[in-house]
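Okay, here's what each chain looks like letter by letter:
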Amino acid sequence: MDYLIRIMGPLIEGTGVTLQVFLISFVFAVPLGLVLALVRISRFAVPRALVNGYIWLMRGTPLMLQMLFIYFALPFVPVIGVRLPDFPAAIVAFVLNYAAYFAEIFRAGIQSIDRGQYEGARVLGLSYPQTMRRIVLPQVFKRILPPLSNETITLVKDTSLIYVLAMNDLLRAARGIVQRDFTTMPFVVAAAFYLAMTLVLTLGFQHLEKRYAVYDG
Amino acid sequence: MDYLIRIMGPLIEGTGVTLQVFLISFVFAVPLGLVLALVRISRFAVPRALVNGYIWLMRGTPLMLQMLFIYFALPFVPVIGVRLPDFPAAIVAFVLNYAAYFAEIFRAGIQSIDRGQYEGARVLGLSYPQTMRRIVLPQVFKRILPPLSNETITLVKDTSLIYVLAMNDLLRAARGIVQRDFTTMPFVVAAAFYLAMTLVLTLGFQHLEKRYAVYDG
Amino acid sequence: GRKDEAPAGKVAAAPAVAIVVGLDDNFPPMGYRDEKNALVGFDIDLAREAGKRLGAEVQFKPIDWNAKEAELNSKRVDVLWNGLTITEARKEKILFTTPYLENRQIIVVTDQSPLRTKADLAGKVVGVQDGSSAIEAVEKDAATARSLKELKKFGDNVTALMDLGAGRLDALVVDEVVGRYYTARKPGEYRVLDENFGTEDYGVGTRKDDTELMARLQKTLDEMKNDGAAAAISTKWFGKDIIKK
Amino acid sequence: MGSPMIDARGVHKRFAAVEVLRGVSLAVDKGEVVAVIGPSGSGKSTFLRCLNHLETVSRGSIDIEGQSLVATGADGACRYAPDADIRRICRRMGMVFQHFNLFPHLTVLQNIIEAPITVKGLRREEILPTAEELLRKVGLLDKQASYPSRLSGGQQQRVAIARALAMDPDIMLFDEPTSALDPELTGEVLRTIRELAEEHMTMLVVTHEMAFAREVATRVVFMDGGEILEARPARELFAAPEHPRTRDFLENML
Amino acid sequence: MGSPMIDARGVHKRFAAVEVLRGVSLAVDKGEVVAVIGPSGSGKSTFLRCLNHLETVSRGSIDIEGQSLVATGADGACRYAPDADIRRICRRMGMVFQHFNLFPHLTVLQNIIEAPITVKGLRREEILPTAEELLRKVGLLDKQASYPSRLSGGQQQRVAIARALAMDPDIMLFDEPTSALDPELTGEVLRTIRELAEEHMTMLVVTHEMAFAREVATRVVFMDGGEILEARPARELFAAPEHPRTRDFLENML
Ligand SMILES: Nc1ncnc2c1ncn2[C@@H]1O[C@H](COP(=O)(O)OP(=O)(O)OP(=O)(O)O)[C@@H](O)[C@H]1O
Ligand SMILES: Nc1ncnc2c1ncn2[C@@H]1O[C@H](COP(=O)(O)OP(=O)(O)OP(=O)(O)O)[C@@H](O)[C@H]1O
Ligand SMILES: [Mg+2]
Ligand SMILES: [Mg+2]
Chain A
1 MDYLIRIMGP LIEGTGVTLQ VFLISFVFAV PLGLVLALVR ISRFAVPRAL VNGYIWLMRG
61 TPLMLQMLFI YFALPFVPVI GVRLPDFPAA IVAFVLNYAA YFAEIFRAGI QSIDRGQYEG
121 ARVLGLSYPQ TMRRIVLPQV FKRILPPLSN ETITLVKDTS LIYVLAMNDL LRAARGIVQR
181 DFTTMPFVVA AAFYLAMTLV LTLGFQHLEK RYAVYDG
Chain B
1 MDYLIRIMGP LIEGTGVTLQ VFLISFVFAV PLGLVLALVR ISRFAVPRAL VNGYIWLMRG
61 TPLMLQMLFI YFALPFVPVI GVRLPDFPAA IVAFVLNYAA YFAEIFRAGI QSIDRGQYEG
121 ARVLGLSYPQ TMRRIVLPQV FKRILPPLSN ETITLVKDTS LIYVLAMNDL LRAARGIVQR
181 DFTTMPFVVA AAFYLAMTLV LTLGFQHLEK RYAVYDG
Chain C
1 GRKDEAPAGK VAAAPAVAIV VGLDDNFPPM GYRDEKNALV GFDIDLAREA GKRLGAEVQF
61 KPIDWNAKEA ELNSKRVDVL WNGLTITEAR KEKILFTTPY LENRQIIVVT DQSPLRTKAD
121 LAGKVVGVQD GSSAIEAVEK DAATARSLKE LKKFGDNVTA LMDLGAGRLD ALVVDEVVGR
181 YYTARKPGEY RVLDENFGTE DYGVGTRKDD TELMARLQKT LDEMKNDGAA AAISTKWFGK
241 DIIKK
Chain D
1 MGSPMIDARG VHKRFAAVEV LRGVSLAVDK GEVVAVIGPS GSGKSTFLRC LNHLETVSRG
61 SIDIEGQSLV ATGADGACRY APDADIRRIC RRMGMVFQHF NLFPHLTVLQ NIIEAPITVK
121 GLRREEILPT AEELLRKVGL LDKQASYPSR LSGGQQQRVA IARALAMDPD IMLFDEPTSA
181 LDPELTGEVL RTIRELAEEH MTMLVVTHEM AFAREVATRV VFMDGGEILE ARPARELFAA
241 PEHPRTRDFL ENML
Chain E
1 MGSPMIDARG VHKRFAAVEV LRGVSLAVDK GEVVAVIGPS GSGKSTFLRC LNHLETVSRG
61 SIDIEGQSLV ATGADGACRY APDADIRRIC RRMGMVFQHF NLFPHLTVLQ NIIEAPITVK
121 GLRREEILPT AEELLRKVGL LDKQASYPSR LSGGQQQRVA IARALAMDPD IMLFDEPTSA
181 LDPELTGEVL RTIRELAEEH MTMLVVTHEM AFAREVATRV VFMDGGEILE ARPARELFAA
241 PEHPRTRDFL ENML
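Residue numbers (our numbering), protein chains in the order written: chain A, 1 to 217; chain B, 1 to 217; chain C, 1 to 245; chain D, 1 to 254; chain E, 1 to 254.
Treat the hints with caution; some may be incorrect.
[As the list claims (entries may be wrong)] DSSO-like mimics (lysine-lysine), calculated; alpha carbons at most 30 Å apart, straight line:
#, chain 1, residue 1, chain 2, residue 2
1, E, Lys143, A, Lys210
2, A, Lys142, B, Lys142
3, C, Lys208, C, Lys186
4, C, Lys118, C, Lys75
5, A, Lys210, B, Lys142
6, C, Lys52, C, Lys208
7, B, Lys142, D, Lys143
8, C, Lys219, C, Lys91
9, A, Lys142, B, Lys210
Hints are computed from structural coordinates only; laboratory data are not their basis.
Just chain A, same shape as in the assembly:
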């Protein structure tokens, strides 16, 4: 018990890092994913093909390698090359990677909206951007909540990959203590912390689903 309290400090600090990386990545990845999805369904062939390739590349290679690339190799790439400190590098990698997954979710959602909604908006004189913003996307958000929740929960746990940049997230903090004290108790505590975070997210998404449930279809 005493021991538990003593190891709590680093674990809570690690949770802070995990939450930071998660929240910042999420906040940027969702809009970027939306933009990518909109390009992917647009009628501009070249940007569309580029985004397709991008999504394949991002979903097709391990996030860990992407993170190492951005941290270590990006500085040597001409033109866009920039040397990022570890935290920004991790965020950039998470945003770029998750945006690809979110894009696919958004695309499926947008494509599931009935053609009639577009036509209904069109004959009322709404422009395409207005139709998207006011009519289509609000309906999309409702529909994609379940897969979005899946992906978001995965993101929370994927943040532990920042260990490759030696940042102390919750899981790495727990591992550190395990290595130091040669006991697996910190893992149990870390698991409980993750469960708590997931619970909050799950409840949050359930709340959203209920709020959107005022209308059907």
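Based on these hints, arrange chains B, C, D and E with the ligands on the given structure of chain A.
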């Protein structure tokens, strides 16, 4: 070039491990996920609550910890305790974890099937299992292909977690060479391998989607 | 510039000669975090003392040990100082000081294990930490290496020790300083064999072209060996002076 | 031939707070074609769905071909037959829904032979001649390999009818079989039902097509507010509705 | 008042291999109510959709209130007005779809005020009185806070009409506004359209309700195979159809 050929051996071996873990996990996780989903929508309250808790636990804690638990802690659990070698332990962890994600996908798919399909089958005299097997699930498979594809691609890359049980998957093999030779070339090759596997999967799923596209709705 | 300062670095106004030391902060007793989350360890104390004498501020940057070369070459750290074993292969890429510690690759088994000698390892499963010099040490002893059933590379030594306890692993080859640290924590559970996989030296590494820094480091290290400062730190961590002169 | 094909007595159905059926009694004899009409929300669909156990009744008794599906004792407790019996009894009734409920992943032919094979355990070769005969009857033999989504609404509804008939039912229940169709397609479906009537199939048809009710039904039942207000031979009811609500209703329908 | 509200000349429309419209010409004057009838697949919907640019024509010219939406030169090249003009022109026309196409995430009131606010830039207070007036007109003032899914089909269709009217159009296009409804609900919607006719709204109505065409339309257009075969005052056309196809069609409808 010469160097490339020399490092190919371990990388291809690693790819073999990756593919093995992926394929076996996939083959078991999908049916288990289906069973979990069926329990989750059944009218038996207690099993339903158990499955709910199971899914929360599995999605809520890092796969790495689950793997460590099954490998190290399971032998000490009464009754079900069993000491598994590394490969089976990894497979069990992957199956249990991914089954939870697949279960959620199946559940969403089953719940999206129109009530009318059940009633149509019912008035023809089909029993509930017959209705599921012959009428509902074939339609579910078509609908869940996109999220299933997302999750499957994630699984391929998640297999790299087996490094915590000291197994040599593709990513681990690449890392080993990177450390030995102080060069990042193996990472590039590994990325290409992952891309190739993802491409095959993507094409496979596209093919399935097309095959199912013979009917709409 | 300032932008690149590691999060773990001290925020004090950096003197012109700040040195960034890369280390694995999960590597007791050489470098790890104590219960107040502060970096402690033998190498940490040594590096601090050296920094004081150099008149430079030492910033510790935790790195993933697997990425140490990339960290060094991309100039995110200036020095690798964390039980870094001097090997021929590494010498080609890294500039080393003279050895400051001699380390043996010891063989750890469980207390009840029937294994007594290296020869007993034949047909057994032996573990090492991935990326550690234990791998090269075992491979150098070709005869023994060939006789093994399998050489398993674990992510870290703790996992390997646990597997040893679980009986799926027969022996673990590990740096002596590290192995002793762990076996001391579970008295009576583990045993160290008399034979070992040879000795090797720990040194401090810099970039190949960073000769100026290397010269100053070497000088300071020699001073510390000569005036007993290093010996004091060794006694603090290992209970005796094991500094290699 | 003693007992009627359908014998419902005092059927009540309550959804939460609302009593949707308030004691509906109706007996349908073999070969009768009964049309059920009435305003929206009067409980027509619910009554039909109670007959084949898509809904459970709250009170009342239903016998199908002399066998008790559900009976309510003197104590007011409602007792359903055992599950196996229910399935056996309900299999005697085919049902055609307003929205067809065809199986979209099966072709027209597969839709028709699915239940005979799965439920009755027939072999494909055994049911194929029947299926083809039925398809010919509804005029869709050339569409047997199409998927439902490729058919017009009227064609889909005829497949639904053939699908129900393939189980060789003694009774057919139709719930507004034409209201999702436009007038031309409506014609197709009504023709098919008319042919069934000529073959003396016992049928209960909820419909808004007065013309059809008038021409085909042997009896017309007018429901309102969960009750049967009037049940008389079609000609009589249309010519001289007795109940004032019936009169109102018939006048309002264009 | 010189030019007609709608002036379509020689409109052709081709989908891949199929020519769906083969030179349709129709002029509709202010205040006219034109009913378009004809068999399924004859191109009625497509014609309507060409008028407000939901489909692009392959050849032909369309003027709306004297302004050219599309014109085909002597060289056969089809020239549309610039995008901004198209949007301005089409905004003059309201359209009501068979499947309503209401916005499910907005309440009845929000459905109605969405376009006036977003497109015309009105403030909420400016459009609210109009919206309430329209809701009163279609008899749904008490449903303004409901979501569409909570309404019956007839109510939904009346919301769709109110939504179109809120943009204050000069012309209303209806595509089978009642065919998804059952007869009683149909009545509701037809009453609403009839009231619009009394206010001299210019309307083009594709419909299967012959009774409605007969009563409300000033002119009835019969289409078949992508062509207009007959276009005459309603009474004349129903009394004595000239074209044999028209005669067939009218006879077959029950
Ligand atoms: N599952 C249900 N839960 C609650 N109320 C229901 C349910 N199903 C039907 N009702 C209500 O029961 C009443 C009768 O419904 P029913 O569908 O039987 O009417 P109907 O006569 O078939 O009408 P329609 O002509 O519109 O099909 C309606 O008021 C309806 O709202
Ligand atoms: N997007 C499309 N692609 C190809 N063919 C189409 C398309 N839309 C319509 N058609 C075809 O054009 C023809 C005319 O269709 P349209 O919807 O205009 O008929 P309609 O007269 O409105 O029929 P209905 O009374 O059934 O609504 C039909 O044969 C239809 O199959
Ligand atoms: Mg009904
Ligand atoms: Mg049409």
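Hints and how they fare:
no. : hint                 : verdict
1   : Lys143/E to Lys210/A : 22 Å, holds
2   : Lys142/A to Lys142/B : 21 Å, holds
3   : Lys208/C to Lys186/C : 41 Å, violated
4   : Lys118/C to Lys75/C  : 41 Å, violated
5   : Lys210/A to Lys142/B : 27 Å, holds
6   : Lys52/C to Lys208/C  : 24 Å, holds
7   : Lys142/B to Lys143/D : 23 Å, holds
8   : Lys219/C to Lys91/C  : 19 Å, holds
9   : Lys142/A to Lys210/B : 27 Å, holds
In the structure shown, a violation is registered for the earlier hints numbered 3, 4, in ascending order.
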